[in-house]
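Respectively, the protein sequence lines represent chains A and B. Sequential numbering from 1 applies to the first sequence in UniProt numbering. Sequential numbering from 1 applies to the second sequence in UniProt numbering.
I should point out that these hints are in silico values taken from the structure, not numbers from a laboratory. Check before you lean on any hint, since a few could be wrong.
Said to hold, decoys possible - With a cut-off of at most 25 Å between alpha-carbon atoms, the simulated SDA-like pairs for lysine to any residue come out as follows:
| id | chain 1 | residue 1 | chain 2 | residue 2 |
| --- | --- | --- | --- | --- |
| 1 | A | K467 | B | R58 |
| 2 | A | K352 | A | F418 |
| 3 | B | K43 | A | Q74 |
In this text the structure is predicted, and so the values were computed from the model without any measurement.
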Amino acid sequence: MTLSGCQHLQKIKTEKGLDSYKILHACFISCKTADARRRKARHSVCHTCRVYELRLHACMSCVYFGCHQEEHIQSHARANEHWIAVDMSYGMVRCFACDDYVYDKDIDKIAKTLNYRSSIPAALNQFAVWQPNHKEVELLRKNCKRRRVEDSSTIGLRGLINLGNTCFMNTIVQALIHTPVLREYFLADRHVCQLLKEENEQCLVCELSSIFQEFYSGISSTYIPYRLLHLVWTSARHLAGYEQQDAHEFLIAALDLLHRHCIAGPNDRSGSSPHNCQCIIDQIFTGGLQSDVTCQMCNNVSTTIDPIWDISLDLGTRLYNGSNTTNISGYSNSPSNYDPTSLIDCLKRFTKPEHLGSLAKIKCSSCGCYQESTKQLTMKKLPIVACFHLKRFEHSTGYHKKISTYVSFPEELDMTPFMSSSKIQNGDINGCTKGLSCKNKYSLFAVVNHSGTIECGHYTCYIRQHKNQWFKCDDHLITRALPQEVLNSEGYLLFYHKQILEYE
Amino acid sequence: MALSCDIESLNIDDLKEELAFIVNDIIDDVTLGLCFEVHRSCKLGTLFLGDTDPQSQREHAIVDEPGVDVFGNPPARKQLECVCPNCQRNLAASRFAPHLEKCMGMGRNSSRIASRRSQKALKDRIEADGKPDSGDSEDDYNDADWSLYPDKKVKRLKKEKRSNSPRRHKTSRLKNGSQYTGDMTAESTIKQERADTPDSIGGYEYMSLEEKKTLLMSTCGVISGHTKKMCTRSHKCPQHTDSQRRHVRQFLLGTGLCTDDDDPVDIDTYVDGDSQSLRETLQWEAASNTSSPTDSTSTNNSTSNSSSKKRHGKKSSKKRKNPKGHSYHSGSGSGCQTHGLYDLD
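In isolation and in its complexed conformation, chain A is listed as follows (with noise of 0.2 Å):
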């Protein structure tokens, strides 16, 4: 069958045109203000016995409201040949006659434009089912091979292979194509390279783009990541070079490279702040983090909210800067002295109140001279993807070492406590967040483990596929793995991710 509806129905629109079906589904189907709604609620009764009634049809030919329940509908149809009627809710337009629902390409159109002018202020209906046309129909028979991240299919798993000291890049190449909202952004097509045709092999975002293809295609053998490498190296010379790289600062190095990739371009308007870009990489890994200095004469606090890609947090004993925090009275409540055993108590530490001691005066704006304060860091806004780095290596003065100390982390984070706002309420308003708080629920996703020294060693990582399938992925060898594996394994880069996206 195809769009071309029933004999019924081009009848009816060769006859009266659809400009009836236009207005019945501005007002009722597809209206747009508060006043439109009240008159819909009013009026959607069963013109026969006066109920409101789910499956309300109208009927096309004459103002008829029927319950398709109590065949009000159908009696109407019948006894007036009227047997084209619209079904209230969607919109949708059945035959009596046929007896069945019938789809037609111009009934479409109008239900298309109704439904997108009615979703702008709501943002809500603009993620339309995908409609397959004539000719992507044809292509999908003609070419039957489908490829899908299936519950127990390969889809998606591809190894890496060594170019040479390149595990670092390889374990944060594998995190960022199993970070789920850029999978949905890379897949669906979405990059449109803003260089010129010439210039975008230069365009990071575009070999991103082209890696994750690569993985999707269903192809099982050994990728050569050779011209990501190659790319990297030249757009990032202090990055270049045959030797051992940190993950971490490979990946800061890889998503402010893909940031400016994504805004290279002359026509975007947003321009190269990060605070307030739109890329794909800002609103995936941009949070905000909040720093609030307070005077300790005056209590003046003044707020600072800077972007972040990634937390990083403390592992070892924390050095202040010659004054101990422990003699604070206030915040003493916490040995500082103490190696956090657990994420949670990282961030707990990460967000806690700071004493600067009296070496690092700060000029408060109110008292207007050099004061004593504290600073405390907490989260304005979550990011979709949070990266967590547990600082393991630790360069004092003329000293450096790994720190391997167990940090456990859990397959599921609130960042509630870590907020801001709960900050300021600290926990008076009796847990009015309780019940939301999914809203602030992580997934872990990724995991980005260090073996070896600090010289050199050797960089693994364990990826999820699905709800709970864990891999490992060492270079070109990917091997399943166990969740507790993964939770038991050493971490030095934790990838999180948002368990509900909100309309923004």
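Using the hints, position chain B against chain A.
Okay, now just chain B, sitting in the frame of chain A:
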């Protein structure tokens, strides 16, 4: 709905009933929508269009057995090849990174090779414009990957260089503005075996402030009283002290660098008063100058650094974590060692 009658007047049971009615209505509504969606795709013949065909499903099933990866392949590494985007030659993929380093002119000897290449290209352009350079013979000559007896040849070449080709290339490289940033970082990775040759450059008097900054960001930079040349080893160069390095920066860039330490914003900078802080200060400086469109190379480098730094927040900028092997650790001996580690399967 028309349910906006007096909610006050309803008792709790009625309220529950109304609530249940609304919830059920919403669920029904959504269900109906799904039914219509399925009906529509069924009628138009697109319902199972996107489903996996059984054959592909079988082809891509995960293999979960010990000894093989998820694709069912044994872990033995096949020799894969790739084409170098820089010189279009075929080579083993596992040797790509060391090759590219040389090819792009960053390695031990490759800075010379690359500069010779660029010089040659320049000469060619001047002498016979338009005629493409096909002479690979000289390129191959020095590239360890491509010569028959790599070690011997390289050593021999080194000796030749040492004896009779002083720094003809180096000065030319300095003039070649776009080239030298990379070469300088490469110079910093120069290994122990070259310690007897002077790792230094002259001509800093003619550099712009911007160029000097870029150079100092990656190198030690201490000017020898003897040869009047700058040291081009890394910041951790054992021959010079941190105070010497600080001194030369003050001398070359003018004052104002160290006084920045009083800036209350950057609380961490002066805590560990080693070369790290100096380097950060420099990067900070360079980052604040990025608006100047003059030098694109250093802008690229420094802004990406500094942006990451800023993003770390003040708390975290104290320690920069680089678990990479430091350049002076990976001399000829340890270099092999690290390579061995990477070959673990």
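Here's how the hints hold up against the structure:
A hinted pair counts as satisfied when its Cα atoms are at most 25 Å apart, and A/K467 with B/R58 qualifies at roughly 21 Å. Simply put, A/K352 and A/F418 have alpha-carbon atoms about 9 Å apart, close enough for the 25 Å limit, and the pair holds. Of the pairs offered as hints, the one joining B/K43 and A/Q74 holds, with about 22 Å between alpha carbons and a cut-off of 25 Å not exceeded.
Of the numbered hints listed earlier, not one is contradicted by the structure.
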